[in-house]
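Undergrad: Single-letter residue listing:
There are 2 protein chains.
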Amino acid sequence: MPETNLQILLRRRPVGAPVLDDFEIVETAVPEPGEGQVLVRAQFLSLDPYMRGRMSDAKSYSKPVEIGAVMEGQTAGVVVASRAAGFAPGDVVLGGYGWQRFSVVAPERLFKVPADNPPLSASLGVLGMPGLTAWSGLEDIGQPKAGETVVVSAASGAVGQVVGQIAKIRGCKVVGIAGGAAKCDFVVKELGFDACLDHHGDLDAQLDSAVPEGIDVYWENVGGKVQAAVFPRFRDFGRMVMCGMVAQYNEAPGADATGAPPGPNLGPVVRKRLRIQGFIVSDTGWGRYGTFRAQMEGWIAEGRLRWREDVVDGLRLAPQAFIGLLKGANFGKLVVRVD
Amino acid sequence: MPETNLQILLRRRPVGAPVLDDFEIVETAVPEPGEGQVLVRAQFLSLDPYMRGRMSDAKSYSKPVEIGAVMEGQTAGVVVASRAAGFAPGDVVLGGYGWQRFSVVAPERLFKVPADNPPLSASLGVLGMPGLTAWSGLEDIGQPKAGETVVVSAASGAVGQVVGQIAKIRGCKVVGIAGGAAKCDFVVKELGFDACLDHHGDLDAQLDSAVPEGIDVYWENVGGKVQAAVFPRFRDFGRMVMCGMVAQYNEAPGADATGAPPGPNLGPVVRKRLRIQGFIVSDTGWGRYGTFRAQMEGWIAEGRLRWREDVVDGLRLAPQAFIGLLKGANFGKLVVRVD
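Chains A and B are the protein sequences, given in the same order. Residue numbers for the first sequence, in this note's numbering: 1 to 339. Residue numbers for the second sequence, in this note's numbering: 1 to 339.
Since no wrong hints were added, every one of them can be taken at face value.
Identical copies look the same in the list; a pair holds intra-copy or inter-copy alike.
Calculated lysine-lysine pairs in the DSSO-like style (CA-CA distance at most 27 Å, straight line):
id : residue 1 : residue 2
1  : Lys225    : Lys59
2  : Lys145    : Lys59
3  : Lys168    : Lys189
The set of hints was computed from the structure by calculation and includes no laboratory data.
Start from the sequences and build out the full structure, keeping to the hints where you can.
TA: Take a look at the structure:
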């Protein structure tokens with residue numbers, strides 16, 4: 001029996017936290033590549049918090065997924081048919097071709113990557129969009145200098161893992177914030193952070209003890225109570241790298257949604273000469289993918305960069321896994337093995 | 001009868017808005033310059049909002065004025081005696097020598113300036129710290145590009161006047177925000193801003209109408225309700241130049257004072273890739289004073305840069321004038337003619 005395509009569609013826009021009924025799983029025919037296109041079979045799908053924004057039609061930096069369309073996402077897979085120069089069956093490629101088993105894509109946005117060593121799924125994590133996010137955000141905005149103190153929220157997550165390890169390579173003191181003892185243990189023992197604070201505990205007291213000197217760079221992945229605890233602790237000339245605020249993605253998905261909780265009083269921004277800056281990796285990151293990947297592969301080869309993945313087996317489980325991601329249920333970079 | 005020195009001291013730290021009894025006016029002997037010092041007689045004293053911070057002992061970027069010490073401030077005056085190389089009686093100098101008629105100073109932090117053309121008081125405003133603040137903050141942080149929309153709060157004030165006019169010179173659309181019709185008229189008719197909004201009116205409605213395209217650069221002098229109205233209107237890659245938040249200087253003078261009102265939710269910083277950055281002119285500004293002054297004098301000579309001063313006659317009136325400054329009672333750069 002020939003394979004069918006398996007696709008996960010956006011059935012309706014979530015209100016608050018997504019639920020399973022917001023998605024629809026369909027089986028369809030495998031598409032045929034047109035002239036200049038390639039047909040790719042996904043092996044891994046990346047699940048990332050930004051996808052919550054794509055499910056909403058609030059104004060944002062990117063168009064929402066249409067109702068009935070395939071959910072967007074980065075995937076790593078294998079070319080099974082090609083009508084595009086430079087691509088042949090068997091090529092292993094990275095690209096943004098969505099929550100589906102097969103997809104027909106134009107080759108401009110595909111990157112050929114090794115099939116193994118490191119394992120292919122790493123091209124969706126440490127060597128993919130999350131890793132590139134960490135690398136470029138530190139390079140462009142955080143600019144950590146040796147001896148500085150860097151605090152990373154969602155420290156065991158796909159981006160946080162990489163942020164902290166690069167900051168360690170740069171000679172910084174690095175303190176992570178994560179949810180629970182298991183994640184914190186991993187962050188310190190496996191990734192080599194200097195400390196990790198559990199946001200289920202008294203974060204103010206833990207910060208008092210872990211960073212009495214204050215914070216030079218804060219990598220913001222979460223917002224909410226973590227942001228509130230960290231914000232007053234910046235040192236002069238501190239930088240706040242605004243990568244995401246996942247804590248409120250289900251509450252305030254809109255650009256300026258009424259009802260979004262207030263943020264910190266900005267008085268310290270003047271007094272301490274802080275810089276608070278947001279970025280989206282797709283603005284400038286991909287043009288530097290080659291440079292990024294070469295540097296990261298070097299660090300991996302030297303044993304200076306490790307990572308942990310949370311692999312979900314089977315595309316049909318992607319919606320449930322994504323719902324968990326927004327609650328911090330994953331432990332490490334969340335990827336789906338596409339069956 | 002020989003002249004005496006007249007000095008205004010900090011008598012006690014204000015609670016909330018300063019009152020006259022927080023200051024003490026004393027007459028003392030004219031000091032003698034020591035070896036390597038000069039004796040300066042002030043002609044003008046600059047009054048600026050940052051001085052409120054110096055009256056408080058909350059942690060800040062600069063040490064507070066001690067109780068019983070002369071209030072700090074920039075002054076322009078004339079050397080009356082010199083025991084320092086390079087300075088002679090009659091030299092006209094700019095320096096930070098406080099709320100007093102006479103002062104003995106080391107020459108390192110004195111700038112010689114023209115006695116006239118432009119008038120000496122301009123060296124405390126458009127050509128002094130406020131002008132340098134505007135110029136360096138735009139240069140370093142705001143970076144307005146031709147065709148962009150720039151919004152300036154406290155637009156008729158010492159800094160705001162200059163910010164808006166430089167942004168016009170750079171080819172921007174410039175919209176001021178000021179308190180009352182007289183200030184707004186001045187900002188549009190005399191300074192050439194494209195529009196000016198009265199924050200006593202419905203600021204949201206006025207912003208809807210004046211900047212429907214959104215804001216690329218917001219120059220923050222005030223905070224409070226003006227900030228709240230402006231913040232949701234940034235365009236992608238907008239910059240918020242954090243120069244001051246005078247609206248809360250009497251309420252939340254401390255670095256992170258309990259009770260400071262909350263600020264904006266920072267979600268848009270990620271989505272719109274905003275940069276919010278604070279600065280203090282003394283960090284990097286004075287090293288570029290010569291470059292700044294040459295460029296500004298060029299613009300003044302070309303008739304492209306105007307200014308308005310609010311001159312208070314007599315040093316004894318400085319406390320009252322300063323109290324009014326924090327409430328927006330002045331109209332233009334506030335200076336005191338030192339009698």
